[in-house]
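Let the hints inform the model, and build the full structure from the sequences given.
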Amino acid sequence: MKYEIACNWDPALIDGVAGSLADELFGGMPNSPVSGGRASFVAVETTPEFVENYVKEAHKKGLIFNFLLNASCLDNMEYQREGNKKIVEHIAWIDNIGVDAVTVTIPFLLQIIKKQFPRLKVKISSFARVNTPRTAKYWEEWGADSIILDEDITRDFKMLESIRKAYKGELVLIANPGCLFDCHQTLNHSNTMSHGSQAGHVSEGFMIDSCYFSCTKQKMADPKELIKTRWIRPEDVRHYEDAGIDKLKIIDRYKTTEMLLSYLKAYTEERYDGNLVDLLNLPKRGAFLPVNLKYLMREEFVNTDKLMAFADCCDMTVSELIEIDNRKIPSDFIEFFKTMDCARTSCDDCRYCYNIADKAVRIKKEELKAQLIKYDAFLDDLVSGKVFEKEEEYQEDKELVWQADARKLHEDILETVPSLLKKIAQRKTQAGAEKGARERRSNTIIKDDVLKGWLTETPGIFLPKVKERLKELGIEECKV
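Each step along the sequence shown adds one to the number in the numbering used here, with nothing skipped, and position 291 is 291.
Hints are computed from structural coordinates only; laboratory data are not their basis. No incorrect hints appear here.
Only pairs whose alpha carbons sit at most 30 Å apart, straight line, appear in this in silico DSBU-like list of lysine-lysine:
1. Lys359 to Lys338
2. Lys408 to Lys306
3. Lys265 to Lys338
4. Lys422 to Lys294
5. Lys452 to Lys467
6. Lys447 to Lys398
7. Lys2 to Lys61
8. Lys86 to Lys121
9. Lys423 to Lys306
10. Lys338 to Lys228
11. Lys306 to Lys284
12. Lys121 to Lys265
13. Lys165 to Lys115
14. Lys467 to Lys306
Take a look at the structure:
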């Protein structure tokens with residue numbers, strides 16, 4: 001089996017992949033005329049010059065580079081003179097820098113590329129939801145060189161074999177998706193992510209990924225959904241080779257190089273002894289690259305105080321709360337699906353995945369319950385509209401006096417905060433320090449109040465940086 005792996009634009013990834021069974025990298029740029037399947041706030045910021053050099057380095061190592069143009073919607077800009085011009089110019093640049101292939105979802109883009117840029121191979125995104133022989137054949141007739149199939153048919157072997165017979169090009173499946181099986185949010189999610197990385201869109205790259213958030217919450221609330229999710233066990237790769245699948249796609253491009261290479265290792269060795277949750281696209285501390293704050297911290301669109309709760313919810317590791325012990329999944333796990341028609345069968349009637357969950361899934365009930373409370377609170381703020389209310393204007397308490405060393409400590413910590421977060425950090429932590437003084441029934445703010453303000457008001461995802469700064473300032477962990 002061959003593999004293609006997500007590109008996070010880290011040069012070290014090229015070296016890590018070179019010489020392995022992965023012969024292809026796929027990646028895209030945020031805020032692009034032809035957007036991709038990930039919003040700009042999670043996409044790695046890069047430049048055209050860097051991308052051009054990266055593609056050259058990948059080629060030197062014998063790797064194919066596949067550029068993502070897989071937006072599911074472009075606001076009809078492709079049918080307007082100026083919008084079409086920008087799209088064609090962007091594809092021309094991709095062609096000129098030597099990219100080997102592009103991935104698209106929109107059929108009109110396939111037609112444009114085949115007509116104007118015939119050198120480029122064209123792959124069809126999983127967003128296109130190709131899940132029947134007829135659909136695959138239509139794409140083939142229009143010139144598609146490769147199709148990344150709908151992940152919902154990953155365990156439908158009869159369908160995979162039927163598509164293989166009908167379609168002559170390359171067939172690809174996503175190896176480690178984390179999406180709910182037959183998720184009702186799929187179409188909306190692909191559109192919101194596409195507009196979230198589309199240059200010139202009214203949202204200006206801003207989005208709240210409520211689909212990912214509520215989907216993650218649903219899987220934590222009912223862990224047997226994680227068994228239904230259409231991931232491929234590394235041990236089952238050979239079954240997909242037998243079904244005619246040419247390549248597996250390893251996601252996701254906002255993961256660290258260490259994580260991506262660990263996924264590749266598991267699949268190429270066709271064995272994994274750990275927690276299967278760690279292979280999926282679920283919250284995990286240290287696994288994700290830093291977010292692009294400039295696309296998120298938009299006070300004109302959203303209450304950034306409330307939005308911090310979203311960040312706090314994501315500051316967790318699902319695999320610490322839910323374990324899918326791969327060694328407890330039967331070795332013949334996949335055989336069941338070769339005769340079961342999941343598309344026409346109720347999960348409650350079948351119960352196969354439920355029974356597997358009973359054997360292989362362990363949870364930390366109380367910790368999971370506490371996390372779900374946080375998720376519910378943010379979702380309530382989101383759907384009730386509180387997230388969109390204007391922030392209360394902070395008024396400094398003039399009756400409180402700051403000691404000089406307390407003020408200096410506050411400013412020293414603030415220096416390390418990213419510029420886009422400084423305003424909210426100053427407001428929240430200063431209010432926290434004032435609260436500490438009032439709780440002591442004092443009109444003087446001291447260093448302990450400042451510490452309390454920072455440690456109680458900083459979202460968990462940013463707290464390690466604050467503690468690191470405190471240590472730099474000579475404040476030991478025991479005092480924190």
